[in-house]
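Enquirer: The residues making up each chain are set out below.
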Amino acid sequence: MNREVSGIGIGLRYDLASELLERRPETVSWVEIHPENYVDRGGRYEEMLELARRDWPVITHGLSSCLGALEPFDPTYLGQLGAFLSEFDIPWHSEHLCLGGAGERFFHDLIPLPFTEEAAKVAATRLMEVRDAIDRPLALENVSYYVPQSSDGLAEADFVVEVLERADAKLLLDVNNIFVNSKNFDFDPKKYIDRIPAERVVQIHVAGHHVRDDGLRIDTHGEPVPSEVYDLLDYALRKTGPVPVLLERDNNIPALDELLREVDELTDIYRSATEAHDVG
Amino acid sequence: MLGERSRLIQRVCFDIEPSEADLETLGSPERWLVYRDLVRTRLVGVVDAALPRSKAAIGEPRFASTVAAWLSTGGSKTRYFRHVPNELVDFALPLWTDDVAPWVLDLARYEIASWSVRHAASNLTPAGEFTFDTRPLVGSAVRVLRLEYPVHEGPTPEDGYGPSPHTLCLYRNDKHRAVPKILNPLAADLLEAWQRGDQTVAESVQQAANSHGVDIGPAFVEKLSTLIADFITDGILLGRRA
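Protein sequence lines, in the order shown, are assigned to chains A and B. Residue numbering for the first sequence is 1 to 280, as defined by this note's numbering. Residue numbering for the second sequence is 1001 to 1242, as defined by this note's numbering.
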């Protein structure tokens, strides 16, 4: 059953699953999972997914088929991923626009790509390859980065758009990543969003991040969503209209009620911004 | 250019010490060291989660140097984060063999087997009920482990474990935990035969009894029935293989 994905979702994570699945709050409209945590795995993860699917649509967000590597994809994994998405009737899948590995080794982290034509070509080609393999829409996600890639902070937006257009792809717009990058590299995050073709955005991520003593912001998904990211979400939704929004919280996971207060805040923004979009 | 850049980043993240030359080539060295820290912290975190008692027994410095040596081979080969500790243990056991107490090696084997059982694939669906004249189907989350030391009896004693050879069946229970069950040698051989699945139950019982010099009399049959009933109750034996 492919149920509609809309409103505010939450990442289904091991540390919050028990309370989330027991209480099943109505304000949470859908959940997102990382397929690498579920493919070829039983036990608690299998149970979590089964319980979540009873009430919520599920969206997948990949961690390991990053679009910037040069090594060929593992056809076995792509086959497993495609079968998994098909079994659970996932309407679209997303992967990160980054380097996830080198020489058949995995960083298990998101390493930035240079904003070059070569990287854009590679990423677009790989995106189409994965999309063909899984036989369903594939969105790319803009990532946070900590190493300067250009003297122009908005060059990343142009890079993202180039990949989107080369692959005719959809975008998972992470507004926290844009905000983190804007602070680390001193640009206006709203100008970044202005450069994104709103019609390509199928989903939005929001999260909190860590501010180090030296001021560098790290995308930890371990802090509450800051007010500036809420503001940026409002700005983005007024352009995109009602695309589903996910609250990402992967570390320092608090009591569910704390996360649900963030969901409420996101819901208020979602309603007012998408109504404004309708009117506009 | 992308390929060379990827290799530089790989070396910066995983070499025992990142080279100044690589960092200078990449530019913004201090920021690439942020990535080195993020990547390594994450991998160390999952290893620590899987092997807490082994790490405590080996000691922080030695354990950390082993992890660093493993990372310096180029990083993790698996896309599955849950399989990272298995890669480390495969790398570490040969290194530790000569200079770590033997019971610590058993402890590492036990911890990684428990971790593997917890995260193992879901069970295949049996083709029918368990019968003696068909090939049996064993659960996916079951491991047979032959150990020289009783490391499953925690917490770890301050002076370590004395020898006590035994065989464990580790299986995932209905709470998704890895549970140890002690098996006698014949039962362990039987379970391993059933995991291979190339004989009927009757054939494997006959072969195991022969190799252990045991007569298949009433006492044997009664014990075998109890073993099978326990295995079925615990979800170790699922039924008949397709």
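Since the hints were derived computationally from the structure, they do not count as laboratory data. Just so you know, not all the hints are guaranteed correct.
Non-contacting residues of chain A with respect to chain B, defined by C-beta distances greater than 12 Å in every case (computed) [said to hold, decoys possible]:
hint	residue
1	Lys121
2	Tyr230
3	Gly241
4	Pro242
5	Glu262
6	Val279
Not the full set, but computed from the structure, chain A residues with beta-carbon under 10 Å of chain B [unchecked claim]:
hint	residue
7	Glu36
8	Gly43
9	Leu63
10	Gly68
11	Leu70
12	Glu71
13	Ala102
14	Arg105
15	His108
16	Asp109
17	Leu113
18	Phe115
19	Thr116
20	Met128
21	Pro148
Cβ pair distances, simulated, as ranges [as the list claims (entries may be wrong)]:
hint	chain 1	residue 1	chain 2	residue 2	range
22	A	Tyr14	B	Glu1222	39 to 45 Å
23	B	Arg1196	A	Arg53	44 to 50 Å
24	A	Asp188	B	Thr1078	39 to 45 Å
25	B	Ser1065	A	Glu19	16 to 22 Å
26	A	Gln80	B	Arg1196	53 to 59 Å
27	A	Glu104	B	Gly1045	48 to 54 Å
28	B	Ser1019	A	Glu19	42 to 48 Å
29	B	Gln1199	A	Tyr14	49 to 55 Å
30	A	Asp152	B	Pro1094	35 to 41 Å
31	B	Glu1004	A	Arg24	48 to 54 Å
32	B	Glu1153	A	Glu4	38 to 44 Å
33	A	Thr76	B	Ser1065	32 to 38 Å
34	A	Tyr14	B	Glu1030	32 to 38 Å
35	A	Arg54	B	Arg1177	21 to 27 Å
Computed from a predicted model, the values in this text were never measured in an experiment. Glycine residues also receive a C-beta, built at the ideal position from the N, C-alpha and C atoms.
Enquirer: Find the hints from earlier in the document that the structure breaks and name them by number, from lowest to highest.
Expert: 1, 18, 20, 23, 25, 26, 27, 29, 30 and 32
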